[in-house]
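Residue numbers (the numbering used here), protein chains in the order written: chain A, 9 to 326; chain B, 9 to 326; chain C, 9 to 326; chain D, 9 to 326.
Treat the hints loosely; a few may be bogus.
Copies of one chain are not kept apart here, so a pair can be met inside one copy or by any two copies together.
[Unchecked claim] Straight-line Cα separation of at most 27 Å, DSSO-like style, residue types lysine-lysine; simulated pairs:
{"id": "1", "residue 1": "Lys85", "residue 2": "Lys35"}
{"id": "2", "residue 1": "Lys147", "residue 2": "Lys35"}
{"id": "3", "residue 1": "Lys287", "residue 2": "Lys85"}
{"id": "4", "residue 1": "Lys170", "residue 2": "Lys189"}
Since the hints were derived computationally from the structure, they do not count as laboratory data.
Protein chains: 4
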Amino acid sequence: MAEHTRPARPVILGQNQYGKAETRVVKVTRDGATHHLKDLNVSVSLSGDMEEVHYSGSNAHVLPTDTTKNTVYAFAKEYGIESAEQFGIHLARHFVISQEPIHRARIRIEEYAWERIEASDADPAPLGADVPRHSFVRKGQETRLAQITCDGSSWEVVSGLKDLVVMNTTDSEFWGYVKDKYTTLPETHDRVLATEVSGRWRFGWSGDEQPMPAWEKSYEEIRKHLLQAFAGTYSLSLQQTLYQMGARVIEQRDEIDEVRLSLPNKHHFLVDLEPFGLKNATADGAVYFAADRPYGLIEATVLREGSAARIPVDLTTL
Amino acid sequence: MAEHTRPARPVILGQNQYGKAETRVVKVTRDGATHHLKDLNVSVSLSGDMEEVHYSGSNAHVLPTDTTKNTVYAFAKEYGIESAEQFGIHLARHFVISQEPIHRARIRIEEYAWERIEASDADPAPLGADVPRHSFVRKGQETRLAQITCDGSSWEVVSGLKDLVVMNTTDSEFWGYVKDKYTTLPETHDRVLATEVSGRWRFGWSGDEQPMPAWEKSYEEIRKHLLQAFAGTYSLSLQQTLYQMGARVIEQRDEIDEVRLSLPNKHHFLVDLEPFGLKNATADGAVYFAADRPYGLIEATVLREGSAARIPVDLTTL
Amino acid sequence: MAEHTRPARPVILGQNQYGKAETRVVKVTRDGATHHLKDLNVSVSLSGDMEEVHYSGSNAHVLPTDTTKNTVYAFAKEYGIESAEQFGIHLARHFVISQEPIHRARIRIEEYAWERIEASDADPAPLGADVPRHSFVRKGQETRLAQITCDGSSWEVVSGLKDLVVMNTTDSEFWGYVKDKYTTLPETHDRVLATEVSGRWRFGWSGDEQPMPAWEKSYEEIRKHLLQAFAGTYSLSLQQTLYQMGARVIEQRDEIDEVRLSLPNKHHFLVDLEPFGLKNATADGAVYFAADRPYGLIEATVLREGSAARIPVDLTTL
Amino acid sequence: MAEHTRPARPVILGQNQYGKAETRVVKVTRDGATHHLKDLNVSVSLSGDMEEVHYSGSNAHVLPTDTTKNTVYAFAKEYGIESAEQFGIHLARHFVISQEPIHRARIRIEEYAWERIEASDADPAPLGADVPRHSFVRKGQETRLAQITCDGSSWEVVSGLKDLVVMNTTDSEFWGYVKDKYTTLPETHDRVLATEVSGRWRFGWSGDEQPMPAWEKSYEEIRKHLLQAFAGTYSLSLQQTLYQMGARVIEQRDEIDEVRLSLPNKHHFLVDLEPFGLKNATADGAVYFAADRPYGLIEATVLREGSAARIPVDLTTL
């Protein structure tokens, strides 16, 4: 076996982190014949005193990623999963406290929503009060996100969502923009505005001593505000709509200090039907081509006054 | 330019078809301030007297695929989109009737469902009765499917869905199976049963002279029956559940003669927590690992007595 | 527990099949310090006397899909993997022979190619002849396919590939096509022709008594012929190119009786640069927009004279 | 139309950027009958004096994203595409210089590699020296990446790659790690080590006055060093392999100051074949299960001494 020690190299190890990504855990809770479920995808990332494993391959400070996976399953059983955020806090605290070389733990969670399948109206009616309620259909809309980071003393919780696709079929204009020699786009006073919302929001909560936000309710409320602000904004640009969505969350939800939104402009182009003797006017109900690529991409942070921006600006690698 | 004529080759041209795939069309209908929308992905496939284009490259019989795309958009404007099936019938008839060399047209459609975003409770209340209703969020659950085939005289309509993910957290067993020398699976009397429903169903309707089924209502009812049969079946095998789902549709919906279902068994394995001193019993609410691959794959056709099986048996290439 | 027996229903069970899909098996072979590897994704599908499990849930005839997975791994160890086809034949024969209720086995295999990473020129040179050769990089081009079906007496082997993307930057024209009222496409005498080849080819080999084709060499040769026929055909339509590709295989490879090709026309549109005072002529080397959707889709079967068409016509669900 | 002015809100606009993402441009260059091609996916992101468009929807400072798309195509024609980096530099400079409100431009590029299809040995041989060479097959291995950022005075170029899948079938161990109460993983002295390399490397080059690196050669060399360092490292942990890969680049390529690598541990688990009476020892050539999820994820930065770390630590959102 080759031996490696840190060579006299002009090479420095920078930030590093490791852990098990995408542990898929489903927790069922039974309340008599009524079942509940939580369906998560948990990624653990640890960092700390890890120089030696990089230089020599010594694993003396390395808790195996397989162990972090086991911990996710064991904690789901021992403590249950109240919310993604609470579960992530529990995990992050464990790794930082129990492992001396680990100075920082970051837990990222995707959550998939399910809704109940309603009891068959064709089946014989149940005799007792304890109707079976253990059947679910996956909701399939957005994926909920949570990221919990703990460095031993302070906490940061960033929640969010992705893949929430929305569309306004009117009340969107685009005109008055800069025209240079490469500009050919005609102005429009009635267009479709569609996007796939990707958002992250940072909680003001920063430690165990403070009362925790109501994570589940907070998510539902923020999701509602994002949808309503999108729907309710008469839009002159997607930037304006984005700002209204972020500002609505900051104004309505005291627990949130920062919102980052990444909104692809999912273009719906009016099809030119003139060659076929057809008018395709928006006022009459038009036909659109839903394009894939390229697409506009609008991204911004909206902050509570006095708060620092801490969410990374790139939620995408494009 | 090279000239090609059919060489004296021991080579025969067999079945062939061509057309434009995945034309993404969105049709908005305005009813005052209330908008409706249809969001389709339309694939046209034509066949007929097409030997020459294969042998020599002569396009004298070829309607360009670009034209079939244009036709999709023009028809959406001229005739609207009542349902995917009605729209597909309209298109298929057009190609077969208007193009002498085309003997058969097959239209495949994916439909994406949207639901309304409810009006903001934070915005000023609307003054009139004509509340703006033009904001939508994509439903994101299953994709609806329709395939319409016309050979000039007879019709075949096969509708369906894919990507509908369902789960029963109990009332599923698996035991009493064959054991050979490679069998290690333990029997179970309480497992999670989850699948991603992919289904196709063939209508008895076969021509223009007959009254058409109510396509939209038919879809909603069949979807409901599939969900309820899945939920209501105490399952000893996924095959049994599949059969109950298909049979329910045949029994409850007179317009359907054949159902094909492809059900991957999305395994949820009980995690072994004994090494950590934890019991993980289903009766107490257990923790599961949701596996990706491999997965069981159960497929079957369920037919109305006296009907022929015409849906291809492979809805997947795996 | 609910009891189910076959009810007096007007409902018939049609074709059905089951098995474990997507078992990912990697087999390493060591020849001293030189390693070889086979990387497969194996899907087993069994059918036979399976009515009872659908009607009542009795698994008395059901070999668990988990067992079919175990068999894949055990056979990889016991017999090795010479080629995807040989491995599939071995598996199919086993299931049909060893399980009385199983009358037909179909094995589908995806194979991923790897190539060696060349020894570092920076490392110290190896001292002996036995240079370590155990490092690989995934080739990443097409995925190789094989489907083996056995009903106990006769065999069918269909091999193929998918995701092989090719492009000719000239020697492609498109003109002389049908124009109807929805046709707007201009004719062209110099276009890019690009496609993503999906192909299946059926071997004449139909049983154990005959000498088997040389599966590995056959694949390499057919792949070469497809590429060369694509490159060497001056194309007036993608149909013509497709036919030349299929015919080349039939003519050059005696072991093949039937080829099915599915060729999406990956459109590369000339960008209109006139608004910016720029010519964008193909003769000078042009700029193209590589479109995603929609796309033409050209599909056909090419047969050896006297052979029957047995490959299903739809390799795609669009 | 609703009017919006910046309300007296406790809400601040933070970092923001916008542009057209994923413009797919293919540029053909003709050198007689020999063609060359560049196949890019270009994403433009601009920022600067953009408060007003967020607050009021005024687009007076907004160059439309459609214009940035047009610019990509026009520049490809006017100036050609020597390399992704050079093309990105050209674009970035243009936006910052030509648009007063734009203070910073970031261009991200994905590049897809193609290789020539060799001339058919079956076709008639070419008569002249000018053999047609216009046929290509997509290489399909990694995707090359480039990111160019310009704020008007200084430049940053980060290149990289993703989706490069590599495997060592031996010379990898994992033992001597921390064991806590959740650790069950057995130690191993001979395992498969496989990963899908995602890497970014930052050039020292920071401005127009300096001589530019040879972008194409730099990429090829760094790719080679990553592969050889992976292959040549006897590994006691994936962290050690990662460090060797990064350090090799720093040491061998003077133009690079920083490397960030994200390496998923694509687990290949030894299958337990003992229940079937089979040994599955690595020394004999073993059978492995290639797992999908979860997977270890190892990430680190390797720096040239004296350089600052500037590449974001998260190349993934998991």
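Hint check results:
With identical chains, the CA atoms of Lys85 and Lys35 are at most 27 Å apart within one copy only, with a shortest distance of 8 Å there and 36 Å across copies. Taking the shortest Cα distances, Lys147 and Lys35 sit within 27 Å of each other both inside one copy (17 Å) and across copies (25 Å). In this assembly of identical chains, Lys287 and Lys85 lie within 27 Å of each other by CA distance solely across copies; the values are 9 Å between and 62 Å within a copy. For the homomeric pair Lys170 and Lys189, neither the shortest alpha-carbon distance inside one copy (36 Å) nor that between copies (35 Å) is at most 27 Å.
Comparing the model with each earlier hint shows a violation of hint 4 alone; every other hint is respected.
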